[in-house]
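Participant: Sequence:
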Amino acid sequence: MSLLAQKYQLSAPIVQAPMAGVSTVELATAVTRAGGIGSLGLGHLDIETARAHIQALKLATDGPINVNFFCHQPETQNLERELHWLYLLTPYFNEFDSAPPSSLGKGYDSAWQNPALIQMLCEEKPTIVSFHFGLPEPSAIIQLKAAGIDIWGCATSLAEAKFLEQSGVDAIIAQGIEAGGHRGLFNPLIESELSLTSLLGQLHQHIHLPLIAAGGVMTGAQVAAVQLQGADLAQLGTAFIACPESAADSAYRAALLSQRAYDTAITPVISGRPARGLRNRMHTEIAALIADLPAYPVAYNAAKALHQIASAAENYDFAAHWAGQGAPLARALPATDLFNQLRTEYTHAKQRLEA
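Plus 22 on top of the position in the sequence shown (first one is 1) and you've got this note's numbering.
No wet-lab data here; the hints were simulated from the structure.
On a predicted model such as this, the values are computed, not experimentally measured, just so you know.
Heads up, the beta-carbon is just placed ideally off N, CA and C, and yes, glycines get one too.
Do not take every clue at face value.
Below are the DMTMM-like pairs computed for lysine to aspartate or glutamate, each with C-alpha atoms no more than 20 Å apart in a straight line [unchecked claim]:
(1) K29 <-> D172
(2) K326 <-> E307
(3) K147 <-> D68
(4) K184 <-> E213
(5) K80 <-> E97
(6) K167 <-> E200
(7) K80 <-> E145
Have a look at the derived ranges for each label pair, beta carbon to beta carbon [as the list claims (entries may be wrong)]:
(8) K372 <-> S217: 52 to 60 Å
(9) Q135 <-> A74: 40 to 48 Å
(10) L81 <-> L279: 38 to 46 Å
(11) F185 <-> G127: 25 to 33 Å
(12) R374 <-> L110: 30 to 38 Å
With the sequences and hints as input, model every part of the structure.
Facilitator: Structure below.
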């Protein structure tokens, strides 16, 4: 058993990825109770709603839990650019006899320079707090560690991992290009295209912290494989989307379990930051307008509005159906059953490797 698996008393070295908007208390509870680490993506929620989710998860299980927040550097809103973006999207809204919203409003808050959020986390004391797109300021890291909370950061490159190590995190999520959802890039203009294998190779050689492998991992055998490459744990997201406990809607599940799962792509046009999902018209048409894209996360409000109008007409060409390159291996199983299968596959793979 790896160091982190021993520390958190896991029956298999598996973390269910946070996945804001898809993860639920029920999903995280099932994974933790089964012997993994259940996670909640809470970065899209206000502080008190996030607190309520953490409290509900703590009531449901006394095992290890991970709560995740976005930590982007907020950009000044450019109202002229945002209005122009809505103008460019008008023909797509018109397809559904609708018009775009009059403005994009405000995006959700970042964990960066957010003392009220840090205070709430120190009060609730989840086992682990993980951050995407960077880390909060050093004083926040000191507060969280003083409260006995483990801190995980996400890296897509060696440079990001070195920054995380120097900043005092307890473990690093190594996110390969295969991963679904948002790339954990600190700077969205500097893309790292390292595969999980390449990234783990670099980090295992130069980083002296436990690594959690993320990106395309869907089976227990793959969990064993990333451990051979230096990872302590594996973080699986797409693998859990089809579980009935997730918040994915029926169209999302159907797409994930269809031939469309074989075609994923990365685009920033949905949210304003690069993210991998099932390819649709956001990738094939609207991506051509990228030069006029507003900043993250305000751009996301436009995509959500368009998807809401289209989905009301049972059209899902503009959905943010996040999924990794391992999507064709998705299984529609209850989370406990899936975890038990993953654990069995992992155990068998380890036995073969040690034979």
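Participant: Checking one constraint from the list: CA of K147 to CA of D68, max 20 Å. Satisfied?
Facilitator: Roughly 17 Å between the alpha carbons, so the hint for K147 and D68 holds.
Participant: Taking 20 Å as the top limit, are the C-alpha atoms of K326 and E307 close enough?
Facilitator: holds, 16 Å
Participant: Would you check the hint for K167 and E200, treating anything up to 20 Å between C-alpha atoms as holding?
Facilitator: Judged against 20 Å, a Cα distance of about 31 Å means the pair is violated.
Participant: Straight-line Cα separation of K184 and E213 no greater than 20 Å?
Facilitator: holds, 16 Å
Participant: Is the distance from the Cβ of L81 to the Cβ of L279 consistent with 38 to 46 Å?
Facilitator: Roughly 32 Å apart at Cβ, these two residues miss the hinted range, so it is violated.
Participant: Confirm or reject the claim that F185 and G127 have a C-beta distance inside 25 to 33 Å.
Facilitator: Because 32 Å falls inside the window, the suggested range holds.
Participant: Given the hint that K80 pairs with E97, test it: the Cα-Cα distance must not exceed 20 Å.
Facilitator: Roughly 34 Å separates the two Cα atoms, so the pair is violated.
Participant: For the pair we were handed, K29 and D172, check the Cα-Cα distance against 20 Å.
Facilitator: holds, 11 Å
Participant: For a C-alpha distance cap of 20 Å, please report whether K80 and E145 respect it.
Facilitator: holds, 13 Å
Participant: Determine whether the Cβ-Cβ distance between Q135 and A74 falls within the hinted range of 40 to 48 Å.
Facilitator: violated, 23 Å
Participant: Is it true that R374 and L110 lie within 30 to 38 Å of each other by Cβ?
Facilitator: Given about 54 Å between the Cβ atoms, the range is violated.
Participant: How does the Cβ-Cβ distance of K372 and S217 compare with 52 to 60 Å: does it lie in that range?
Facilitator: Given range 52 to 60 Å: violated, Cβ gap about 23 Å.
Of the hints listed earlier, those the structure fails to meet are numbers 5, 6, 8, 9, 10, 12, in rising order.
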